[in-house]
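Residue numbers (the working numbering): 15 to 90.
Hints listed in this document are in silico derivations from the structure and should not be mistaken for laboratory results. On a predicted model such as this, the values are computed, not experimentally measured, just so you know. Hints may be right or wrong, so weigh each one.
[As the list claims (entries may be wrong)] Mimicking DSBU-like on lysine-lysine, the simulated pairs with C-alpha atoms at most 35 Å apart in a straight line are:
1) Lys63 with Lys19
2) Lys53 with Lys63
3) Lys53 with Lys19
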Amino acid sequence: MNESKRRFFSGDSLQQALVQAANYFNLDPQEIAYRSIEKRHGFLKVRRKVVIEVDPDAPRRETPAASLPPAVRTAP
Numbered sequence: 015m016n017e018s019k020r021r022f023f024s025g026d027s028l029q030q031a032l033v034q035a036a037n038y039f040n041l042d043p044q045e046i047a048y049r050s051i052e053k054r055h056g057f058l059k060v061r062r063k064v065v066i067e068v069d070p071d072a073p074r075r076e077t078p079a080a081s082l083p084p085a086v087r088t089a090p
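Put together the whole structure using the sequences plus the hints.
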């Protein structure tokens, strides 16, 4: 039996969607190569979910995403 691999992951935030994909592929969230998908809704104002697409044949980024430095607040 041919089991198809999961391709789309969703969450209330990008981080949640990345964690879902990372858990599925047994990778760190920073290593996931993904493409953000715009989810269209009707006229109702509902909370939009984030949907990402991950290539099941190549889920790992070639280079891990660089972590952003913490924001530095300067006094005026």
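Status of each hint after checking the structure:
1. Lys63 with Lys19: Holds. Lys63 to Lys19 sits at ~22 Å (cutoff 35 Å).
2. Lys53 with Lys63: Status holds; Cα separation ~7 Å.
3. Lys53 with Lys19: 21 Å, holds
Checked against the numbered hints given earlier, the structure satisfies every one of them.
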